[in-house]
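A.B. asks: Here the sequence shown stands for residues 1 to 442, where the numbers follow the working numbering.
Since the hints were derived computationally from the structure, they do not count as laboratory data. Be aware that one or more of the hints could be misleading.
To be verified - Below, a list of computed lysine to aspartate or glutamate pairs in the EDC-like style, where the Cα atoms sit at most 20 Å apart:
1. LYS345 <-> GLU386
2. LYS345 <-> GLU115
3. LYS345 <-> GLU361
4. LYS345 <-> ASP69
5. LYS189 <-> ASP259
6. LYS96 <-> GLU282
7. LYS345 <-> ASP130
8. LYS387 <-> GLU176
9. LYS151 <-> GLU282
10. LYS96 <-> GLU330
11. LYS96 <-> ASP83
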Amino acid sequence: MPDVSRREFIKVGGLTIGVSAFASLLARQAEAQAAGAPPGRAKAVIQLWMSGGPPHIDTFDPKPDAGEDYCGPLRRPLATNADGVRIGELLPVMAKQADKYTLLRSYTHGNNGHETATYIVQTGTLPSVDLVYPAMGAVVSLKKGYEGGYKGVLPPYITLTSPLGRFSEAGFLGNEHKTYATGGDPVSKDFSVEEIVPPRWMTDKRLGERKGLLRAMDALAARADLDPTMAELDGYQQKAFSLILGEARSAFDLNSEPDELRNRYGRNRFGQSCLLARRLVERGVPFVTVNMGGWDTHTSHFERMKEMLPVLDAGFGTLLADLAQHGLLESTIVMWNGEFGRTPKVATEPPWNGGRHHFGEVFTTVVAGGGFKGGQVVGSTDGRAEKVASRPVYPWDLTASMYRLLGIDPLGKLPHPQGCIAYVTPLAAGDVPSGGPLTEIM
């Protein structure tokens, strides 16, 4: 269809016609067939992704008795509102929300490379020479979005705000299941979403004028080639314009939220992205990733923690409370982790001078909502947070459990363009180590 390609490159007065891209998205959604998966308790996932690898010993698995070589200056853990559970001293808001989440302190995969570890955690599979697996968000986009009868006009898999990088989120499912990274800075009063929400100077009147101009150009193109598929595409184009003028503008308009709530989340990119994530699942988006980078702290680790942990604390803690207040926590899984943890023993020698390095041997993942119990701890580490002491949890154990709560069969199959056999999780093939599904907290 040459005309579709041509339209995707048309620009009118500086407003890229992302309408055409969204029209194609809507068309693909309309063409998808229902998979017939049984409905699960969870309807959506908010993934809080700590790119670079957050330190488990400074956040959710403190070891105050391990000594200064391990704890550094952070050796006064906080009691929480969950009986017997303590977390890092720079997380006071999270301490008050512990009844809402479970700590998976024995999460493990053993890989210390950013790219490979990101792939393992995001896809819930081990790398292979045969298949490049999709991220969990892409699987949910397929199963809960295109195949699951998703009726929303917003993309079913959204990342706030920058792409994760390091791997292909869509894998063999193809680019139609790639995450939509919004770009922009939600802290800015002029925040707008690339290709969805026009800039504030673009009034409805001016956008309507451009819509009229595009309609006139389409009429000329239709007379030139009389392509019968254009009539159908025009219908999706109308929906796309409705998106720009209506639902998306509303969803991404943080100015409609009370200042007090925005302040509690934190007037920073992570905090305001967490607020946006709540607004998106409130509108039915099945999978939202909030990407918070900066955790690769080989040097100046504790200086960075004093800056980053209060930001994490306010955004994460307020998100849990806000979801609960809106009645969304029961139907929304919240997952917090990075590709790995960081070495429990502090690297004091030059050139690191107080850094922590990559550590995939064991680290902490946090889960909440969507059918997961709160106030619990699953698994444990040894006295220095260096080894799994009890109940290992592998990435595929967690993804399989989440899929179950979402009504997706973790032992089912995924469509592959070359007809290869591809299971939703590697547990179906039985060739990976496993601690078992997380039935104790489901």
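A.B. asks: Look at each hint and say if it fits the structure.
C.D. replies: Hint by hint, here is what the structure shows:
Note on LYS345 and GLU386: the hinted pairing holds, with a Cα-Cα distance of about 9 Å set against a maximum of 20 Å. Of the supplied pair hints, the one linking LYS345 and GLU115 is violated, its CA atoms being roughly 23 Å apart against a limit of 20 Å. Note on LYS345 and GLU361: the hinted pairing holds, with a Cα-Cα distance of about 13 Å set against a maximum of 20 Å. Distance check on the hinted pair: LYS345 and ASP69 sit about 6 Å apart at the alpha-carbon level, within 20 Å; holds.
Note on LYS189 and ASP259: the hinted pairing holds, with a Cα-Cα distance of about 12 Å set against a maximum of 20 Å. Simply put, LYS96 and GLU282 have alpha-carbon atoms about 24 Å apart, too far for the 20 Å limit, and the pair is violated. Between LYS345 and ASP130 the alpha-carbon distance is near 37 Å, which puts this suggested pair outside the 20 Å criterion. Between LYS387 and GLU176, the direct Cα distance comes to roughly 40 Å. Violation of the 20 Å bound is thereby established for this hinted pair.
Between the alpha carbons of LYS151 and GLU282 the distance comes to roughly 14 Å, so the proposed pair stays at or under 20 Å and holds. Between LYS96 and GLU330, the direct Cα distance comes to roughly 18 Å. Compliance with the 20 Å bound is thereby established for this hinted pair. Restraint check: the Cα-Cα separation between LYS96 and ASP83 comes to about 12 Å, which is no more than 20 Å; the hinted pair holds.
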